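Peer 1: Same order as they appear, the protein sequences are chains L and E.
Just so you know, we're using my numbering here: the first sequence kicks off at 15 and counts up by one.
Just so you know, we're using my numbering here: the second sequence kicks off at 3 and counts up by one.
Incorrect hints may appear among the rest.
Just a sample of chain L residues kept apart from chain E, beta carbon distances all over 10 angstroms, derived [as the list claims (entries may be wrong)]:
no., residue
1, R64
2, E241
3, H258
4, T410
5, T416
6, A437
Within a straight-line C-alpha distance of at most 20 angstroms, the following computed DMTMM-like cross-link-like pairs (lysine to aspartate or glutamate) qualify [said to hold, decoys possible]:
no., chain 1, residue 1, chain 2, residue 2
7, E, K403, L, D17
8, L, K26, E, D492
9, E, K260, E, E437
Please keep in mind that the hints were generated in silico from the structure rather than gathered at the bench.
All of these numbers come straight from a predicted model, not from anything done at the bench.
Every residue gets a Cβ at the ideal spot worked out from N, C-alpha and C, and that includes glycine.
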Amino acid sequence: MIDPILITVLQKRLEGISEEMGVVMRKTAYSPNIKERADYSCAIFDSDARLIAQAAAIPVHLGSMGFVAKPILEKYKSIWSDGDAIIVNSPRGEYGGTHLPDITLVTPVFHNIEGKEELKFIVANRAHHADVGGQVPGSLPGQSTEIYQEGLIIPPVRLFIQGEENSDVMELILENVRTPRERRGDLRAQYSSLLLGSRRLKDLLVDSTFTNSVESLIDALLDKSEEATRTKLKVIPDQIVSFHDYLDSDGITDNQVKIDCTLEVDNGDMIFDFTNSASQQVGNCNAPVSITTAGVYYVVRLITGKDVPTNEGCFRSISIKTSSNSVVNQSYDAPTSSANTETSQRIVDVVLGCVQKLDGLNIPRIAASQGTMNNVIIGNKDFTVYETIGGGSGATSLQNGTSAIHTHMTNTQNTPIEALELAYPLRVREYGIRDNSGGDPGTGFRGGDGIVRKIELMVDAKISLQTERRVLKPWGIDDGGAGKVGKNILYQLQEDGSYHEKTLPGKLSTQANKGDIIKIETPGGGGS
Amino acid sequence: MDISDWLVGIDTGGTFTDLIGIDKNGKIIISKIPSTPTNPSNAVISALEYVDGSISEVIHGTTVATNAVLQKKGAKIALITTKGFRDVLEIGRQNRLDIYEIVPSRAEALVDRKYRIEIEERVIADGSIETILTETELNRITEKIKMLISHENIEGVAISLLFSFLNPKNEQSIIAALETSLNSDNKLFPISISSNVMPEYREYERTSTTVIDVYVKPLISTYIRDLNKRIKETGRIGSLAIMKSSAGLITPEGVMNKPVETLVSGLAGGIQAAELTSRLTNYQDLLTLDIGGTSTDVAQIVAGKGKIHHQFNIDNYPVGTASVDVVTIGAGGGSIASLSAGLLKVGPESAGADPGPAAYDMGGDKVTTTDADLLYGVLPDYLGDNILELKKERSKVVINKLASEMDISIKETINGVRRIFHENIAAAPRSVSTERGVDPRNFALLAFGGAGPVHAVELAELLDMKLIIIPPYPGIWSAFGLVGADYRYDLARGVVISITSLHDNEAELIFAELKERVINQANEDGIDLSLDYYFQYSLNMRFKGQSFDLEIPYSESLENTRADFIKIHRKTYGFAAEDEEVELIAFRVVMVIAHPDPIFQKWKIVEEDINPIGTREVIGLGGVSVYNKSQFGWKTKIRGPAIIDQIDTTTWLPPKWELEVDEYGFMILEKEDLK
């Protein structure tokens, strides 16, 4: 009989360790992206590569990171040893990659049992790096057509071997990125975080509390999460519902890109079928299946609530079907850079649209939120700035949406205006709530308003945009109005001091000049 | 009369107001009475009646400012910002509090959008003025504010302009114009400028701090003025001092000048108490656990000193003033145990003092930590001086229910609730230690608060700590901290410049200017400068490009300080790039006006064996001897298992642990096999 108290104790310890790993990462990292915006996640897996704990994280990392350990375990199990760290960012294959700037490090945790080193855990962390090379600073090009344009692709290789930095790999990476000093600092921070996780887990194995029962406790812990999830989903009767929505474009053509989900509820199991979604596109909106999974898992977590500890057990009752070579399951060479931030948001809209058609669901229904992260990258050979901008959240059947906030798949912070201007040749001219951009209430509530952000360039620089909901409005529910679409406007400074106003498409990279002002108006949420 | 001349500390808490008095001979008096939330000064004045004779000084920890923010009861105020940026206060850092909530939420802006006014002006990153603030614009704004006062009953104005920390001229022009046109003084109609309240970079944090300063000012000014008057009226009390968030004292006038500095006054007492412990016991490194009814405060004392930081959150609002570095978690005697997602959960929900644990029999119908402690067997039948009966049969009813839900035995449930409670608390010091890069295993554990000594040993075992200190009056130990505090001022000047762009004499000029301002402020606040005082100088530094910085004491020259920075950076973060550009972020000056510790009496030596006053049945151990702390003296030794009752708490000494009382009545607990 497994002691239920010990299950909780173990769960708390694992969660504590994953959070401590995050603390080390944030403390030791170099880039504002990790320290200031907290764009990273940490996770712990058991020796079968099952996710057993993950610190509260960026939602898009939540579902996707769970996959990373298994293929690496397969590839390295006979050759890796304590102190190794495998680096990977490839969205290809089964590595759970999202887009190239998200670099994951994975370390095995061995324990000496009667003279024999046995694999007991695997720890991993993922961080968004400000640049991984490729066609534009920031490595998030508006209009890539091949993954090779998006930066350096790193398959699983050893960045650290038995505690020593593998300079062959490190130097190769640093030669291919724009800000090598920062990259090296951040990669070392990731490794420090894994070492701490490894050390803590080894302590756990010899802790008398668990009297050699860690493995059976892990099994029981995963079962508990499965059971709790099933209990919450079982109240929903068997039924089939479907919903679809579109991306504005892939950034290359003007074609709208369909994302379609049919959800079958079968005795507490949920099967999400995306096979009617559009096929793979020329532009970079193609999502690796890990992103599609992350979108689904996020919505499942909204339904089941945060009491359920995050681990592999939470998702046993969930299955996902996709067609290969599609916008929700990209193929080997397809460009993918904007899927992590943009397509992921649309996948959430579609999955939410789907689940709220269900009879018997016990959460309030919600209109579409801004549905984009409004990625803005400004840079030249001397600097790179990456920002995401919040917007309006959808109204629910019970309350107004929230204005000017990050929704669904991201929760990264802004860079303070003073920090931005102190560090970069930029001047912010406006940062405020975009009035009346939220969807009007029908018989319900108002959608949240978006943001207006205006930045003047003090030098010539390239601007890259990955934004959505510039054409198709965030929908309302019931009789609520839609939120306003976002706008990207470049005010080009003319010789006579006047400005030429140019509306930019949702996704592009363009050269801008000193004195030009880029204005981003983010979408509002739908009303109810 | 003279001989009794008391020094008194009064700490207002949510439930109780604690008083300690110590006279010139070291005689101690304590009392604990219910707080009076509608007017906290009523309880303060009532508590003072427990002290006979003249009182030289009353030192007070207050939660008036804290509660104004927590309960959103502050003033209705206006905010003036640079044109284009009135919503910075609302957008904050654009993130939501909880990733998995249907409607994302954030701390609600403390200034209504229609009272956020933009003004045409702009300072840029080098401190120069890009857009001049015109007379016309100034007039427009003063008229607008006048209108808001007369039509909308606005009670105060916060002013926060971009880059004002580098160039405060425009903020100063606005406040001057407003003061002239309103013809009033700041204390009656509060106006604060961000370059005065928090002259450092990051506009949201600076604006938030300035807004809170104005938001709490009317309430706290009224409170302090009223309290000061009532104290004067007693005719037997010398003066009143208030504890600031920084664990330093301030005069009543000083509080009214900058009330935002008292936001976490209540937490600061605990840190001073820990520093006092360090001075009296000579243990330099402490991990403190103050376990109360609803929460536990965790902090570290290194080399006898608590850490001061310059950025904290209250109810999710950032505040950038000097404050003690304390982590508060939702675990206390009233924490509720329940089954959640198949697992046992304890806290953060709390039954508080009302209805309280089931054992109080005041309507509480949920298992709390206290119920588990009671059935475990370590608690007495009555709390305090026979004030409140703990009813085991009430606890049994709720524990039985939880046990059957979990399908385990009652004993397993009792042990389980206590175990999870311990795990919850132990997680906090682990992560605090990782955050600071220290190993707590070599620290002494200082446990206080009503529930601290009940759980201290089990927590020490979990944290792998070897030595525990239980202070003589654990239940009101925070109030003791008040009488050990010094007066203190913190003043900063934010810069963000390369260290190489300054000469030593320029840096020293900035320090000198800050020093002069701080002395003027102390004078203005009515501080007695005939007392000893000293200054501390430090610099916040970082490698260019980093967004976090370290505070480094200034050591004679910029070059030396830079070398110290590299050393400390390596120690804290494991690496440092020697040749990289270092930036200065802020100059800081601290002025400390020493306030000598009271003299504590040594306890009488009691070395002979003491007879227990009774026994209690503890799960798994049978009858355990019970003692009363009043039986103990200096050098008294007791071996576990034993239970030590005293009026404000119970200490649980499990098997294999020993305690020895020191000269001032501190109990030092150590594990037998480690001695």
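Peer 1: For this structure, which hints from the list above don't hold up?
Peer 2: 2, 4, 5, 6, 8, 9
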